[in-house]
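Number of protein chains: 2
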Amino acid sequence: MMYEEVLRADCALVENYLRQCFAGRESRADLYDAMLYSLLAGGKRLRPVLALETCRMCGGDVNTALPFACAVEMIHTYSLIHDDLPCMDDDDLRRGRPTNHKVYGEATAVLAGDALLTAAFETIAEHGTSLGADKALAASACLGRAAGARGMVGGQALDMAGEGHSLSLSEVEELQRLKTGALISAAAEIGCIVAGGGAQERAAVRRYAELLGLAFQIRDDMLDVEGDEAKLGKPIGSDAANEKVTFVSLKGMEACEALVSEKTEVAKEALQSTFEDAGFLCWLADKLVKREK
Amino acid sequence: MMYEEVLRADCALVENYLRQCFAGRESRADLYDAMLYSLLAGGKRLRPVLALETCRMCGGDVNTALPFACAVEMIHTYSLIHDDLPCMDDDDLRRGRPTNHKVYGEATAVLAGDALLTAAFETIAEHGTSLGADKALAASACLGRAAGARGMVGGQALDMAGEGHSLSLSEVEELQRLKTGALISAAAEIGCIVAGGGAQERAAVRRYAELLGLAFQIRDDMLDVEGDEAKLGKPIGSDAANEKVTFVSLKGMEACEALVSEKTEVAKEALQSTFEDAGFLCWLADKLVKREK
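Chains as they are written, first to last, in this note's numbering: chain L, 1 to 293; chain D, 1 to 293.
The shape of chain L in the complex, shown without the other chains (with noise of 0.2 Å):
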C-alpha cells in the first residue's frame, strides 16, 4: 500500500532527525540522556506527520517541514514527561518502558521536560533563517497558543482540577480539545504555514485536526474500556474499571463509535473541499480512528 510506505518514510524521517538533534553537545549531567530517553520511546509520531503531510499537500517539501514538524513532537514528549510525574497522573510505565522520572528522578525528569519545551522554540527559531522568518515566527506564534495556557497546558490544568468531579459532556469535550486536540491541529497548521498556505488553508486544515484530534480522543477513551474488560474479564458495556469521566463513560460505547465515525467523515470532507489530493490525510484519519491498541 503506497500510503504506509509515506507514512513508513515520515517515520524515519522524525525518527532521524530526533536522533541527531541534541548530536555534539557538551555534557549537563545527565539532562541529554533523560530528554532522548522519552524523545526516542517510540510512539506513532502523528503530530510531525501531519506536519509533513499537511506541508506536502500545501505544495511544499517535507525536508522544509521537518524540524518544525519535530519540535511539536518535542513539546508533546515534554507534556508525558511532566503528565506522568508523582505529583500530576503518577505512572510508573509509558509504552511499556519505566516512564522518566522512574528512571532519572524527578528532578532530572522535570528538568528534561523543561528543556525539551525549550528546545522546541530553539528549533524553531534556529530553522528560520533559512524557511523565512515571517512564516517561523507564524508557527513560533502556532505553537505557542496551542502548548500554552490556552492550549495544552490549560487543559491538563483543567483535567487535573476537575478529578474526582463528574464533567458534563461539553466540559470533557472542552478539556479533550484543550489537553490534546490544540497540539495535534497547531501540527497540522503548522505544515501548512511552512508550506506558504494561505488562511482558506489553514482554516481547512485546522478544522480537519480539530475533528481528528477528537476521533482520535474518543477512540482512545474506547480502546481504554476495552483492554480493561479484556484484562479484568468484564462484559463490553461495563465501565466501572475507569474512575475518570470519558466519552465512554458519558456516552457508552455504541454512540462513541457512531461519534467517531461521523467526526471522520466531516475532517475527511474540510479537505476534500479544499484541496485536490487530501489522499494521504484522509486514509490516515480512517486509520486512526480505526487502530487497536
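Since the hints were made in silico from the structure, they are not lab data.
Virtual Cβ for every residue (Gly too), placed ideally from N, Cα, C.
Any given hint could be a false lead.
Said to hold, decoys possible - Derived DEER-like restraints, expressed as beta-carbon distance ranges:
{"id": "1", "chain 1": "D", "residue 1": "Asp-61", "chain 2": "L", "residue 2": "Lys-244", "range": "47 to 57 Å"}
{"id": "2", "chain 1": "D", "residue 1": "Glu-171", "chain 2": "L", "residue 2": "Lys-290", "range": "50 to 60 Å"}
{"id": "3", "chain 1": "D", "residue 1": "Glu-15", "chain 2": "L", "residue 2": "Asn-16", "range": "44 to 54 Å"}
Using the hints provided, position chain D relative to the given structure of chain L.
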C-alpha cells in the same frame, strides 16, 4: 538621582506590563492565579531592566523592548517556581512568601512554570510582526539558547548533580555561568537585538552582562554568608552554615570582595569602549554589587 528615577520608571513599566499580560483570558482552574502569584511577587526585575536599557543605549525605544524584556522575566519566574519544587531545592519560602507549590500544590506549580515558559516564546512571537520578524526570531533564538539545556536548565542539572560533591572553582564558575549568567546575558542581548544593534554592540553588551552576572552571583554568595552569620551569631569568615560549595567557601570573603570589584570594572569598560553613553548601565552594575540583602 536621575538614574534612580530611570530605574523606577523601568520597573513600573515592567510591573504594569506583567500585571496585564494575561488579562481577559478564560479561566483555566487556578492556573493563571498561580502564574501571576509568582510573576507579580516583586524582585529586582534585573533582567527586564537590562533589556530595556541596552535597547535604549543602542538607540531603540524602551516601549518596543518591553514585551521582549518581560518574556525574559517570565523565563526567570518559571525557573524559580520549578527550582523551589520538593524534588528540586524543596523551598517553602521565596521572597518572604510561601512558594508557589505551597500555595497551589505541586501539580499546579509545575503547570504554572510550563505555562510561563511557553508564554515567554508566545509573547516574542506575537510582538514580532510590529518589531520585524527577523529581529523577533533572533530574540527567540537568543532566549531559547540561554534558557534551555545549553544554558539555564543545563546549569540547574549540573547543580542538582553536583550537590554533596566538592566542586572546583572553575566548575562553580561554569555552573553559575549557565544557571544565572546565561539568562542575564540573553536579557541584555535581546534589548540590543530589538534596537537593531550590530555584532560588535551585541558582543560588548554580552560581555558586560556575563561579567555582571558573575559579580552578581559572587555578591549573592557573600550576602548569604553575612545573612547566616547575622542570624547564627557566627564570626565573619566561618562558612560552616553553608552546605553548598560557593565562591565564598572556595575563595573566602576577602578574595570574593576583590573579585566582585574587578569583574564589575571590566564589565563597565566593555560598555564604555563601545558606547557613548553607558552611564545608566555602569551605575546599575555598581549598585548591584554594592547591594545589601
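For each hint, the structure was consulted:
no., hint, in the structure
1, Asp-61(D) <-> Lys-244(L): 47 to 57 Å, "holds (51 Å)"
2, Glu-171(D) <-> Lys-290(L): 50 to 60 Å, "holds (55 Å)"
3, Glu-15(D) <-> Asn-16(L): 44 to 54 Å, "holds (47 Å)"
When held up to the earlier numbered hints, the structure conflicts with none and fits them all.
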